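Protein chains in written order, with this note's numbering: chain A, 1 to 313; chain R, 314 to 503.
I should point out that these hints are in silico values taken from the structure, not numbers from a laboratory.
Computed from a prediction, not measured in an experiment: that's the story for all the values here.
One should not assume that every hint holds.
Quick list of in silico lysine-lysine cross-link-like pairs, DSS-like style, CA-CA up to 25 Å [claimed, not checked]: (1) A:K286 - R:K402; (2) R:K402 - A:K39; (3) A:K6 - A:K68; (4) R:K413 - A:K39; (5) A:K68 - A:K39; (6) A:K6 - A:K151; (7) A:K38 - A:K286; (8) A:K255 - A:K151; (9) R:K413 - R:K402; (10) A:K286 - A:K30; (11) R:K402 - R:K363; (12) A:K86 - A:K6; (13) A:K38 - R:K413; (14) R:K363 - R:K413; (15) R:K342 - R:K413; (16) R:K363 - R:K376; (17) A:K286 - A:K68; (18) A:K151 - R:K402; (19) A:K39 - A:K286; (20) R:K402 - A:K30; (21) A:K68 - R:K402; (22) A:K4 - R:K402; (23) A:K38 - A:K68; (24) R:K363 - A:K38.
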Amino acid sequence: MRLKSKDVLGLEDLSVEEIELILQTAEPCKQIFTRDIKKLPTLRGKTMVNLFYEPSTRTRTSFELAGKWMSADVTNIATASSSVVKGESLKDTARTLEALGANIIVIRHQMAGAPHVIARCVKASVINAGDGMHEHPTQGLLDLFTIREHKGRIAGLKVVIVGDILHSRVAKSNIWGLTKLGAEVTVCGPPTLIPQGIERMGVEVEYNLDVALRDADVVNILRIQLERQKKGLFPTIREYSRLYGVDAKRLRIAKPDALIMHPGPATLGVEITADVAESARSVIRKQVTNGVAVRMALLYLLSGGGASSEIAG
Amino acid sequence: MALVEKARIMDSDGIRRATMRIAHEIIEKNKGAAGLAFVGIRTRGFPLAKRLAEAIQQIEGTKLPVGILDITLYRDDLTTIAVQPVVHKTEIPFDVSEKKIILVDDVLYTGRTIRAAMDALMDLGRPRSIQLAVLIDRGHRELPIRADYIGKNVPTSRREVISVRLSEIDGSDEVIIQEFSENSSLPCQS
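Work out the full structure, taking the sequences as your base and the hints as a guide.
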């Protein structure tokens with residue numbers, strides 16, 4: 001069993017079996033955190049390039065560590081200091097990276113579909129690290145991994161995604177993954193931040209957070225993306241916080257063992273209070289750790305390929 | 314590629330006797346069971362390691378720890394195998410440092426699996442020594458590796474496949490030689 005495509009561009013394209021394979025492979029990869037020597041020889045000789053057109057701390061570092069711990073050579077390109085500012089096109093940049101020997105290109109871009117454009121013009125594997133408002137598949141996968149790690153399953157769980165669904169690629173990848181694996185997903189936020197027709201993705205829409213939280217097993221809280229919205233889609237941050245901020249009192253509506261998740265970076269006091277973010281139910285730090293394991297699994301699965309069979313001694 | 318069964322070279326009694334002899338050899342060579350620990354290579358090295366540990370407990374009364382090693386991430390042939398192996402967990406519930414590790418596998422062939430296993434062990438700590446026990450040594454080494462304890466030496470051709478079946482995994486104990494039938498291409502094993 002292996003991944004069908006050379007690229008991982010979104011959870012929309014992955015089958016249930018492929019998602020299961022990635023999650024299963026991430027488990028042994030996670031063991032590296034418990035070791036003194038965080039180094040595996042798996043990707044020796046492979047070159048991985050992180051091409052980030054948008055700011056990122058955890059995703060880029062996470063990919064970088066995942067690559068380095070598996071012995072790949074990792075290069076980071078911050079586009080502000082690259083030829084991109086001289087007007088080099090996306091395709092040219094990708095072909096240049098391939099000419100430099102890149103086997104895996106990890107790309108984050110403000111335009112939806114940018115990773116797909118690159119994937120079509122290079123032989124290297126392309127991993128989408130977030131494209132516009134479209135998808136952020138590795139975040140979706142690490143969220144699935146974290147939920148399953150704590151709940152033992154995904155099918156049948158009630159998952160509430162709260163916040164700016166409209167601008168959030170994390171929400172979209174989560175919805176694809178969760179619904180494929182059989183969870184019941186409710187999205188919740190101000191009507192202006194819920195995309196029209198999102199019900200077609202197989203989710204419930206609820207505008208009242210107190211209703212949405214009833215019987216929730218998992219509460220995934222998203223950041224208000226002020227950098228993507230200066231159009232006044234809600235009156236004030238204070239009002240948003242009062243209606244959609246998750247605090248300890250409101251959380252009592254959810255199940256007592258509900259998981260609190262946040263893809264980060266969290267704006268404490270706006271969408272989530274500090275005490276909730278640091279509570280025993282919060283797995284926000286564990287999501288970060290699991291991110292490296294899931295990315296290691298993907299790098300491993302994308303790096304196989306070739307000729308004959310049989311495994312023995 | 315059809316596999317044709319050629320011969321049954323060990324039955325359950327044969328495997329039991331070989332295991333018991335190896336257990337005695339391990340104790341003899343190490344002058345007792347002190348400081349020993351077993352590490353079985355997935356998949357069939359692990360039940361063999363457990364059997365050896367049980368045999369030593371019967372003989373010496375010492376219960377030795379047994380771990381499972383998954384070497385998938387240490388393989389040197391990731392890009393050349395068609396069926397990509399699924400990675401499983403390594404479960405070694407003891408510190409390998411300063412232990413005399415007995416590495417256990419079912420078949421010793423090219424030696425590449427053992428090379429990977431030694432690398433994996435070294436990354437977990439600094440064992441005092443590593444010894445190798447295998448049920449079958451079929452020759453055709455590609456690396457300078459030899460076993461310290463061998464259940465049975467079986468001269469083979471590269472066309473043949475040795476299948477070790479163990480009751481814990483396969484429901485019965487036996488070792489079988491199979492061969493790829495004529496006009497099929499040569500299997501590439503690691």
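Hints, one by one, checked against the model:
1. Pair hint K286 (chain A) plus K402 (chain R) holds up; C-alpha atoms about 19 Å apart against a cutoff of 25 Å.
2. A distance of roughly 16 Å separates the Cα atoms of K402 (chain R) and K39 (chain A); the hinted pair therefore holds under the 25 Å criterion.
3. At most 25 Å may separate the alpha-carbon atoms for a hinted pair to count; K6 (chain A) and K68 (chain A) meet this at roughly 20 Å.
4. Taken as a hint, the K413 (chain R) and K39 (chain A) pair is honoured in the structure, with Cα atoms around 23 Å apart against an allowance of 25 Å.
5. For a cut-off of 25 Å, the pair hint linking K68 (chain A) to K39 (chain A) stands: about 8 Å separates their Cα positions.
6. Straight-line distance between C-alpha atoms of K6 (chain A) and K151 (chain A) comes to about 31 Å, which puts the hinted pair past the 25 Å bound.
7. Proximity of K38 (chain A) to K286 (chain A) is assessed by CA-CA distance (about 18 Å); at most 25 Å being required, the pair is judged to hold.
8. At roughly 13 Å between alpha-carbon atoms, K255 (chain A) and K151 (chain A) fall within 25 Å of each other, so this suggested pair holds.
9. Taking the CA atoms of K413 (chain R) and K402 (chain R), the gap is near 22 Å; set against the 25 Å cutoff, the hint holds.
10. At most 25 Å may separate the alpha-carbon atoms for a hinted pair to count; K286 (chain A) and K30 (chain A) meet this at roughly 11 Å.
11. The suggested pairing of K402 (chain R) with K363 (chain R) holds, with an alpha-carbon distance near 17 Å, which does not exceed 25 Å.
12. Distance check on the hinted pair: K86 (chain A) and K6 (chain A) sit about 30 Å apart at the alpha-carbon level, beyond 25 Å; violated.
13. Between K38 (chain A) and K413 (chain R) the alpha-carbon distance is near 23 Å, which keeps this suggested pair within the 25 Å criterion.
14. For the given pair, K363 (chain R) sits about 16 Å from K413 (chain R) by alpha-carbon distance, which is consistent with the 25 Å threshold.
15. As the CA atoms of K342 (chain R) and K413 (chain R) are separated by approximately 12 Å, the hinted pair is consistent with the 25 Å bound.
16. Annotation: proposed proximity of K363 (chain R) to K376 (chain R) holds, straight-line Cα distance about 11 Å (limit 25 Å).
17. At roughly 20 Å between alpha-carbon atoms, K286 (chain A) and K68 (chain A) fall within 25 Å of each other, so this suggested pair holds.
18. The hinted pair formed by K151 (chain A) and K402 (chain R) meets the criterion: a straight-line CA distance of about 20 Å does not exceed 25 Å.
19. Between the alpha carbons of K39 (chain A) and K286 (chain A) the distance comes to roughly 20 Å, so the proposed pair stays at or under 25 Å and holds.
20. Restraint check for K402 (chain R) and K30 (chain A): the C-alpha separation of about 9 Å stays at or below 25 Å, so the hint holds.
21. As the CA atoms of K68 (chain A) and K402 (chain R) are separated by approximately 20 Å, the hinted pair is consistent with the 25 Å bound.
22. Taking the CA atoms of K4 (chain A) and K402 (chain R), the gap is about 24 Å. The hint holds against a cut of 25 Å.
23. For a cut-off of 25 Å, the pair hint linking K38 (chain A) to K68 (chain A) stands: about 9 Å separates their Cα positions.
24. Under the criterion of a C-alpha separation no larger than 25 Å, the hint pairing K363 (chain R) with K38 (chain A) is inconsistent with the structure, at around 28 Å.
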